[in-house]
Each structure stands twice: as structure tokens, then as C-alpha cells.
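Given next are the chains, with one letter for each unit.
Number of protein chains: 2
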Amino acid sequence: MRTMSEEDFIQKLAGLFPGSRDVTVGIGDDAAALDLGLPGGMLLLAAADQVISRIHFTADTSPVLAAEKLFKRNLSDIAAMGGVPTHALVTVAMNPFEEKALTEFHQGLSNISNLYGVPVIGGDLSSLPEPGLTASLTIFGKAEKEKLCLRCNAAPGDCIYVTGSFGNSFRSGRHLSFPPRLHEARFVAGTYTSAMIDVSDGLAKDIARMAEASGLSARLEPDAVPRSPGASLEQALCDGEDYELVFAVSPSQAEELEKLWPFPGVRLTRIGEFRPGPAGEIRGVSLPADKGYDHFHGKND
Amino acid sequence: MRTMSEEDFIQKLAGLFPGSRDVTVGIGDDAAALDLGLPGGMLLLAAADQVISRIHFTADTSPVLAAEKLFKRNLSDIAAMGGVPTHALVTVAMNPFEEKALTEFHQGLSNISNLYGVPVIGGDLSSLPEPGLTASLTIFGKAEKEKLCLRCNAAPGDCIYVTGSFGNSFRSGRHLSFPPRLHEARFVAGTYTSAMIDVSDGLAKDIARMAEASGLSARLEPDAVPRSPGASLEQALCDGEDYELVFAVSPSQAEELEKLWPFPGVRLTRIGEFRPGPAGEIRGVSLPADKGYDHFHGKND
Numbered sequence: 002m003r004t005m006s007e008e009d010f011i012q013k014l015a016g017l018f019p020g021s022r023d024v025t026v027g028i029g030d031d032a033a034a035l036d037l038g039l040p041g042g043m044l045l046l047a048a049a050d051q052v053i054s055r056i057h058f059t060a061d062t063s064p065v066l067a068a069e070k071l072f073k074r075n076l077s078d079i080a081a082m083g084g085v086p087t088h089a090l091v092t093v094a095m096n097p098f099e100e101k102a103l104t105e106f107h108q109g110l111s112n113i114s115n116l117y118g119v120p121v122i123g124g125d126l127s128s129l130p131e132p133g134l135t136a137s138l139t140i141f142g143k144a145e146k147e148k149l150c151l152r153c154n155a156a157p158g159d160c161i162y163v164t165g166s167f168g169n170s171f172r173s174g175r176h177l178s179f180p181p182r183l184h185e186a187r188f189v190a191g192t193y194t195s196a197m198i199d200v201s202d203g204l205a206k207d208i209a210r211m212a213e214a215s216g217l218s219a220r221l222e223p224d225a226v227p228r229s230p231g232a233s234l235e236q237a238l239c240d241g242e243d244y245e246l247v248f249a250v251s252p253s254q255a256e257e258l259e260k261l262w263p264f265p266g267v268r269l270t271r272i273g274e275f276r277p278g279p280a281g282e283i284r285g286v287s288l289p290a291d292k293g294y295d296h297f298h299g300k301n302d
Numbered sequence: 002m003r004t005m006s007e008e009d010f011i012q013k014l015a016g017l018f019p020g021s022r023d024v025t026v027g028i029g030d031d032a033a034a035l036d037l038g039l040p041g042g043m044l045l046l047a048a049a050d051q052v053i054s055r056i057h058f059t060a061d062t063s064p065v066l067a068a069e070k071l072f073k074r075n076l077s078d079i080a081a082m083g084g085v086p087t088h089a090l091v092t093v094a095m096n097p098f099e100e101k102a103l104t105e106f107h108q109g110l111s112n113i114s115n116l117y118g119v120p121v122i123g124g125d126l127s128s129l130p131e132p133g134l135t136a137s138l139t140i141f142g143k144a145e146k147e148k149l150c151l152r153c154n155a156a157p158g159d160c161i162y163v164t165g166s167f168g169n170s171f172r173s174g175r176h177l178s179f180p181p182r183l184h185e186a187r188f189v190a191g192t193y194t195s196a197m198i199d200v201s202d203g204l205a206k207d208i209a210r211m212a213e214a215s216g217l218s219a220r221l222e223p224d225a226v227p228r229s230p231g232a233s234l235e236q237a238l239c240d241g242e243d244y245e246l247v248f249a250v251s252p253s254q255a256e257e258l259e260k261l262w263p264f265p266g267v268r269l270t271r272i273g274e275f276r277p278g279p280a281g282e283i284r285g286v287s288l289p290a291d292k293g294y295d296h297f298h299g300k301n302d
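For the record, the sequence lines run as chains V and F. In terms of the working numbering, the first sequence opens at residue 2 and continues consecutively. In terms of the working numbering, the second sequence opens at residue 2 and continues consecutively.
Take these hints with a grain of salt, some might be off.
Below, simulated EDC-like cross-link-like pairs (lysine to aspartate or glutamate); rule was C-alpha separation at most 20 angstroms, straight line [to be verified]:
hint	chain 1	residue 1	chain 2	residue 2
1	V	K101	F	E100
2	V	K143	V	D36
3	V	K13	F	E105
4	V	K13	F	E100
5	V	K101	V	D61
6	V	K146	V	E259
7	F	K101	F	E147
8	F	K143	F	D23
9	V	K101	F	D9
10	F	K143	F	D36
11	V	K13	F	E99
12	V	K143	F	E8
13	F	K143	V	D9
14	F	K101	V	D61
For the record, the hints were derived by calculation from the structure and aren't laboratory data.
Bound-form chain V, shown alone (with noise of 0.2 angstroms):
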């Protein structure tokens, strides 16, 4: 697909589905919303995301660590919306379809299951007709309306703080052995924040999707950009796959934030600021034109 990107279709599916009361936020953003009543005012949260041999794992991966990734990246999704995770559904499709490696894929989920105390309550299996694996997994989760965290709710004039540090994930194997954020996500979610991504696809092209999102520009400054051993500023920016939060903070609250900061093993930084329009747009670094990890071009095979 080399017409449109992926942000543009995205918004035109969203369009190809009738609308529901109940929807507080629909396709779009980390995770679904739904207001379905449930006590205290809470938040059902749902997301999917998937992984296949060869797209975002190599093929000597094992069943294991494949499953704990998808597991995981769905937890990043809960928690950039400030929530917590409660079930799971996976299906997963595997050729050859042998018990043992269904059964090391399976203890993936179970470690990351019991880790995070998120049941898996269902989901389907089946072979593939070639040889590889493809998984699908459904997170749900629970939020406050109050801290539920949004894309768009950057305002111009908030800093830019980023948990961890980024580029040369897939080298490095950062992308299989990551923490999903969901402690340090609840810490500020409501509190100091409202407006929350991680950083699947790239730093700068999620920070330009909260951007957008909020009709504001960012600029960052490249010298605070916490880089990962080994990775480059471009790397930093570009590579995706870190699944850090990238979260907007008043001014107001940025020095309290950075004193009361209560993960001493996770680094916490100020990289940038939103700023006025133009939407989406970028300031403060040169980017390559076309980089910036995109599922939807399938570049990182």
C-alpha cells in the first residue's frame, strides 16, 4: 500500500462501522473505551494486537518468548490508557502443529498470565498451511473515566516526558524482554497526565500521532532523547518496538513529577514540549523522510 497511511485508513474504517452509545473512544487509539455501566463509574478498556514469525520475531524465536511479547504489548496498550489489565483471549495458528511447541507458546501466555495476574479465558487454535505462527491477543482492562489517558488530550504548552530509553530494540532483544509500563502508567495517569502512548512503531511517529491527535505541534530537543546502548539519535527516533510511554505534563506539575518519581530503576525524561499547530509536525530534529517503523508497510522484515 503505497497510497495511504496507515493513520488515513485507520480513519476510514472507523467510518465503515455503525456508532454506539456506549463507545466512549472507538478505533483510533491505544485501546477501546466502552461505558457499559459497571460499578464505580469504571471503564471497560479492550485492545488487539498480533504477532507473526518473521514480522515481529525472527524464525529461530521461541514459542515462549513469542507469546510473552504479544502478551506484553497488549499490557502496554492497557496501561498508555492509564488502566489495568484483567482477562485475555488468544488465538493462536502454528504449522507444524505439535504439541510441543503449542505447548511452550502456551507457557509463554501462563508466565505473563500469572505474572500480571491477567487470566487468559479463551480463544481458538488452529495449523497453518506453511510453516510459521501468527497470534492474536484480546486484552481487556479496567480504567477510571477520570484517568483514563488519550491521544488527544496533549495541551499546547505540556512537556513531553518518555519512561526508559529507545532505539536498537529488535537487535538488542529489548523488544522481546521488555517490562510493559503499567505500574509507572497508573502512577501518573490522572494525577499527572491525561494525554499517554507507548512507543510501539517509533518515538517520533507516536509522539506525531499524540500531536495530531491533539492539534499540536511537538518540538524535541535531540539531546535529551534517552538512547538505548548501541542506538543512534535517528535509532532513538525511528526504530520502534520500545514500548516505553511517551506522556504530556503540565508545566505546573513537571517539577513535583520528577521529585516524587517512584521508580528508581526506570529513567524518566523530559524530551520536548507540545506547542500551536501545525498538527502532527515535528520541530527540533531532522527525520528521514520515510522512517519511522509502520506495521502497516510491514518494513521491519
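Fit chain F to the given chain V structure using the hints.
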């Protein structure tokens, strides 16, 4: 996988994940049921199913029909629980990754979404490393606790009723064109039955699953089994992909059900009865030892 049946493996899976008090029905039925405190004591239903080219449809099937099948398979699962479908999330991966095929796939989703009033609220798009299409859909629904239909609820002496006819579904194209039996299921759920399943893997196999879960055997009347055009008895019993309903009705209600059945275009047939054990045994018909569509063994490619 030749050493373990799909049922055994799924039973094993259920033990890998933490329990949760809000999971009323977990792995092993047509859908999971969650008790989240929804208004009116409604349960939230959730099921996930997938379609894969050259497994669930031929390589020349249009993306429109593949998407419609995917959506309807999941609607059928909600029907079999006695529920009403509410929302869906969809992940799709294809190669070539082209706007035309993606648009056709989403047109298929849109057709079913609008026909049944079930919005798609999220998902993911990816490329595949080799030509083909894989897609997974998670469906949500709602059901009153007292209408919930489970495989394990059949009682000794219950009549076995089916909707529609069976066999030859793949060759006739019925596996693509079938209507999910949502209205029929809601008519009987809670009023005439609390034990229901939809037929995806083969009539005999799915009745055996109900019988097994209920600790009963089933006696079928071979002459009563409604066959689709061109289907032999063996095909009607074993082919699968019919997406009709099987449900258990107390003999005291059978006459009333047949008299009041309000769907003149949908055949309702009593094909046998559940009896005391041995659990899972099918009597009255001779079945080939290894027949029955089995997604787990990927037999129908």
C-alpha cells in the same frame, strides 16, 4: 499433534492461568462469561475465533467473504451461549499488503457489523511474510444469567434439537453464506433450554462434547438427522462448518417448542436424546473412528 486430543489439550490449558472470581465461565465453552457487575445482572460474554486462507477458506475466496465468515463464526458462538452480540475487535494480516484487499476485507466486516448492529471498536493490521490472509476476531456479548446456555447443562432424558440441516458445507459454499442463528438461539435460551452448542467441528463431534461436558451419552436417530442437499448421513454427522445450533429440551417442553417455533424458514428437528453415561458416547449411528472436522488437527485443508 497425535498424542492428545483438542479437548485434552484445552483442559490442560485451563490449568495454566490464574483463577479469577469474576470469571463465571472460562476456557472450554463457546464463549467465556464474566460477572463484572453490569446493570441488570447481565454477564459479559467474550469469544475469539480466526480464519486462515487455505485452512478455513480457499485461496480464491474474496476477502469480503473471508471477513464475513470470520464475523459470523463469532456471532454463532455468542448465539450458542444464549447471548446478544455487542462489540468486536479484529486483527488481520495479509500478503500482499494492498489497499484493495484490505478495503475488501473491511467491507466484509462492515457488512456484518451493520447487519447485526455490532460495531468494530479496535484491532490491528499487519503484513504477512508469505502470500495469504490470517485474521482473528474477538466478539463481546451480553446474556442474562438465567438465559446462559452451557454445554454442561444437558439432563438425562432431554431431547436433542437442531436447527437447519447438515453436511456438504464446504463444497456447497454454505460455510461462507450461513446466517448465524442469533434469533433462534434467543428464542430458546432460558425458556426451552440451558444447554446449547453451535456446530463448527461436526454434528456428532459437537454433540459428543455436550454429552461429555454433561456427563451423559447421546442416542441419535439416524433417519431424523436433517441432511443438506447432496450430503450423506456420514457427511451430515461429520463434515462440520454448519454453524447450526444443537440444544437440549426437556421432553415436557418439546411439544410446546415445536408448536410455537416462530421461524418458518428454519427447520427445527428432534434428532435424539441425552441419556445416562458413558459420558461423551454417541449411540444409534456408526461413526468412522477418526472422522469429524477437527481444527486441532487441521484436517479440512
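These are the hints, each one checked on the structure:
Using a Cα cut-off of 20 angstroms, the hinted pair K101(V) and E100(F) is violated, with the two alpha carbons roughly 37 angstroms apart. Among the hinted pairs, K143(V) with D36(V) is consistent with the structure: their alpha-carbon atoms are about 10 angstroms apart, no more than 20 angstroms. This hinted pair checks out: K13(V) and E105(F) have alpha carbons roughly 13 angstroms apart, not beyond 20 angstroms. Simply put, K13(V) and E100(F) have alpha-carbon atoms about 12 angstroms apart, close enough for the 20 angstroms limit, and the pair holds.
Distance restraint check for K101(V) and D61(V): the Cα-Cα separation of roughly 15 angstroms lies within the 20 angstroms cut-off, and the hinted pair is therefore satisfied. Taken as a hint, the K146(V) and E259(V) pair is broken in the structure, with Cα atoms around 25 angstroms apart against an allowance of 20 angstroms. Pair hint K101(F) plus E147(F) does not hold up; C-alpha atoms about 45 angstroms apart against a cutoff of 20 angstroms. Distance check on the hinted pair: K143(F) and D23(F) sit about 15 angstroms apart at the alpha-carbon level, within 20 angstroms; holds.
Proximity of K101(V) to D9(F) is assessed by CA-CA distance (about 14 angstroms); at most 20 angstroms being required, the pair is judged to hold. A threshold of 20 angstroms between alpha carbons decides the hint, and for K143(F) with D36(F) the separation of about 10 angstroms falls inside it, so the pair holds. Distance restraint check for K13(V) and E99(F): the Cα-Cα separation of roughly 15 angstroms lies within the 20 angstroms cut-off, and the hinted pair is therefore satisfied. Taking the CA atoms of K143(V) and E8(F), the gap is near 31 angstroms; set against the 20 angstroms cutoff, the hint is violated.
As the CA atoms of K143(F) and D9(V) are separated by approximately 32 angstroms, the hinted pair breaks the 20 angstroms bound. A threshold of 20 angstroms between alpha carbons decides the hint, and for K101(F) with D61(V) the separation of about 32 angstroms lies outside it, so the pair is violated.
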